[in-house]
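Chemist: If you read the sequences in order, they're chains E and V. Mapping of the first sequence onto our numbering: residues 1 to 212, in sequence order. Mapping of the second sequence onto our numbering: residues 213 to 279, in sequence order.
Calculated from the structure, these hints are not laboratory results. Quantities reported herein were computed from a predicted structural model and do not represent experimental measurements. It is possible that some hints are incorrect.
Below are the DSS-like pairs computed for lysine-lysine, each with C-alpha atoms no more than 25 Å apart in a straight line [stated by the list, open to error]:
1) E:K62 to V:K268
2) E:K37 to V:K240
3) E:K152 to V:K240
4) E:K37 to E:K152
5) E:K37 to E:K62
6) V:K240 to E:K118
Some chain E residues judged to face chain V by a derived CB distance under 7 Å, without partners named [said to hold, decoys possible]:
7) T75
8) F120
9) A123
Quick reminder that beta carbons are idealized off the backbone N, C-alpha and C, glycines included.
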Amino acid sequence: MSDIAAVSGSSGGPRPEHTSLLNDTEFLESLRRQMLKFATLQLSDANLAEDAVQEALIGALKNAGSFAGRAALKTWVFAILKNKIADVLRQKKRMIDASSLLREDEEDEDFSALFDTKGFWQAEEHPAAWPHPEEALREGEFWLVFETCLEKLPGNQARVFMMREFVELDSQEICATIGLSISNLHVMLHRARLRLRECLENHWFVEGEKPC
Amino acid sequence: MLNCREVTRLLSESQDRTLGLTERMTLKIHLMMCTGCRNFGVQMDTLRQMARAYVKGAGDRHGKQDE
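Chain V on its own, in the form it takes in the complex (with noise of 0.2 Å):
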């Protein structure tokens, strides 16, 4: 059984490499059972989602929309 430590290290490499079938089962049946890593799983992808949008300017746009 993996621990939240491992878990969370995992959810990490999850956006940078194709987890296997048995890392993506544990990792299944971890997340069923702990808020705390289903949280953090989601934000890996909340985090890739703010650094694509700093780079495209959003920080410096205070509110102001382009268009």
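Same shape as in the complex, but just chain E (with noise of 0.2 Å):
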């Protein structure tokens, strides 16, 4: 919520720093890349991603001059591109094999490294306390981290995680567009998270730059 009034704070009325978005190639170019990145991780068709990245880049940049600056305008671009890929997987629904889905999930993972045989944690894998965490935000070095990480969850799950949180469909949508049940759903939602989060510890928060 704090999230929201800092975004609606930032987009206020346009500035001069608006005419020259639309000339700066290498925003554009990144902007591009990085939503082609989400759209394709969400869609998994890399022709559907192009057209979804197409028409929300259009869309947006159409009124690129009532922006207040990049970050205005990319979170404009971002909710225009995930109502599309919303509606082409609502389209897609069923074009998934579910069971090809579960499958996947089901095979025994690595999870035994993180728990002991009674499903306590395992003595080094305790989660520890994150320092920071909301610096880590606004480092850039951080986002490399986290896209790597996000990059390493076997591919399912990490579509379901970025469905439920980066396009933040509700369980029953991701569950109907999928055709997943919800328990399948919240086993995959789970794996995703202790993953990444076990992830961005190791990387980040316990070995990175920052002392304990």
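Join the two chains, each given in its own frame, into one complex according to the hints.
Modeler: Here it is as structure tokens:
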């Protein structure tokens, strides 16, 4: 909620900066790449992803003049892209083979490395307290780690995680879209979060530059 | 009594649905005794904040604020 306030606060009236946004090819290209990565992971189809990104970009850039700066434009572009992706996913309903989703996920993953046979944390896998996570959000390098960790998730776990957390679909909507039962969805999200937090902890919060 | 694996599952699910009273109570008792799961629970909220920030373009700013 504080996020929303911050965004609406920063997207006030037009400022001189906006004219340069459209000419900033480096910014636009990096934005496009990021959108494409996001859309490709979501849709697992390069052509559909490319189409969604093009449409979202064109739609947003028509109004580029009314954005206060890069962040405001980017927020808007991603909001449009998220809607486009949600539309495509709804159309693609049932095209994803739900049984293959489960098969991949049911292979017993290496969570025995995390938990002992009784289901308690292995000594060295105890989640640590993350020092100052809000500071990490402001560091460019952190986001590289974040992206890398996301890419290391099994494809289907990454997809449901992104549907839930990036596209902000609710559980019912995700289940309806990809034909998954709610309990299977919860299993996949649990695994995705277990992996993601472990990866972030190992590569940033514990062995990162910050002393404990 | 729930083990850590089951507790992390509930903590994850609490991001996606409202837990029942019994679930919340058992969770609470486990969390009082287990720092690992307590940290995990805090990190579930943190992950969500990260995802929201990422979509808003935090990853592309590289330290430069927009204003």
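Chemist: Hints broken by the structure, by number, lowest first?
Modeler: Per hint list: 2, 3 and 9 violated.
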